[in-house]
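Asks: The numbering of the sequence shown is this note's numbering, which starts it at 68 and goes up by one.
The reader is advised that the hints may include incorrect statements.
DSS-like cross-link-like pairs, simulated, lysine-lysine; straight-line CA separation at most 25 Å [as the list claims (entries may be wrong)]:
1. 108 x 152
2. 151 x 169
3. 152 x 184
4. 184 x 108
5. 160 x 98
6. 91 x 160
7. 184 x 98
8. 184 x 160
9. 91 x 101
10. 184 x 169
11. 151 x 108
12. 169 x 152
Beta-carbon label-pair distances, calculated as ranges [to be verified]:
13. 116 x 150: 32 to 38 Å
14. 164 x 95: 27 to 33 Å
15. 136 x 116: 32 to 38 Å
16. 169 x 144: 21 to 27 Å
17. 74 x 184: 32 to 38 Å
18. 163 x 92: 22 to 28 Å
19. 81 x 148: 17 to 23 Å
20. 146 x 89: 30 to 36 Å
Source of the hints: derived by calculation from the structure; they are not laboratory data. Note that the Cβ used here is the ideal one computed from N, Cα and C, for glycine as well.
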Amino acid sequence: MERLFFALTLAAGMESDAESILQKKHMSALKRVKEANEYAKRLLAQHPDAADAYIAPGIANYIIGSQSAGTRFTLWFGGIHGDKKLGMEQLAKTAENGLYLKPFAKIVLALAARREKQDPLHKSCCAS
Numbered sequence: 068m069e070r071l072f073f074a075l076t077l078a079a080g081m082e083s084d085a086e087s088i089l090q091k092k093h094m095s096a097l098k099r100v101k102e103a104n105e106y107a108k109r110l111l112a113q114h115p116d117a118a119d120a121y122i123a124p125g126i127a128n129y130i131i132g133s134q135s136a137g138t139r140f141t142l143w144f145g146g147i148h149g150d151k152k153l154g155m156e157q158l159a160k161t162a163e164n165g166l167y168l169k170p171f172a173k174i175v176l177a178l179a180a181r182r183e184k185q186d187p188l189h190k191s192c193c194a195s
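Using the sequences and the hints, build the whole thing.
Replies: Printed below as a string of structure tokens:
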């Protein structure tokens, strides 16, 4: 069951990326992000040590938390919530302990740090 939830999390996340980046269907992409988060939550409820699963809620929390106040307010009514700081913490869990997605989490953390005009966050996890 662990592998199934992990695969569903990745698939929904990749579909969200495609809808957002390639097709410019941002609302549809947010629905996929929410779907990926649900699968990740189910996986983490059964296996809290599955560090790779934190990538989906981490990215979602960061992206949604980075939106304007008006956009976040609108999304809140749709049941979509985000917290930039929590997202960074979740990404750091994958960057530090991930098995498959560790390098990707490090890249996302570095991009977020650059976007926030900060030194690379979590230098210890992002080195090497």
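Asks: Using the C-beta atoms of residue 136 and residue 116, is the stated range 32 to 38 Å upheld?
Replies: holds (36 Å)
Asks: For residue 151 and residue 108, compute the direct alpha-carbon distance and say whether it is at most 25 Å.
Replies: holds (18 Å)
Asks: Holds or violated: are the alpha carbons of residue 184 and residue 160 at most 25 Å from each other?
Replies: This hinted pair holds, its Cα atoms lying about 21 Å apart.
Asks: Between residue 163 and residue 92, does the beta-carbon spacing fit 22 to 28 Å?
Replies: violated (33 Å)
Asks: Verify the CB-CB distance for residue 116 and residue 150 against the hinted window 32 to 38 Å.
Replies: violated (22 Å)
Asks: Check the hint pairing residue 91 with residue 101 against an upper bound of 25 Å on the C-alpha distance.
Replies: holds (17 Å)
Asks: Assess, step by step, whether the Cα of residue 91 is no farther than 25 Å from the Cα of residue 160, and give holds or violated.
Replies: violated (30 Å)
Asks: Are residue 164 and residue 95 spaced within 27 to 33 Å by their CB atoms?
Replies: holds (32 Å)
Asks: Quickly compare the C-alpha distance for residue 169 and residue 152 to 25 Å and report which way the hint goes.
Replies: Between residue 169 and residue 152 the Cα gap is close to 19 Å, so the pair holds against 25 Å.
Asks: Assuming the hint says 32 to 38 Å, is it satisfied by the Cβ distance from residue 74 to residue 184 or not?
Replies: Holds - the Cβ-Cβ distance for residue 74 and residue 184, about 36 Å, lies within 32 to 38 Å.
Asks: Can you confirm whether the C-alpha distance between residue 108 and residue 152 stays at or below 25 Å?
Replies: holds (18 Å)
Asks: Between residue 184 and residue 108, does the CA-CA distance stay at or below 25 Å?
Replies: violated (30 Å)
The structure shown violates the earlier hints numbered 4, 6, 7, 13, 16, 18, 20.
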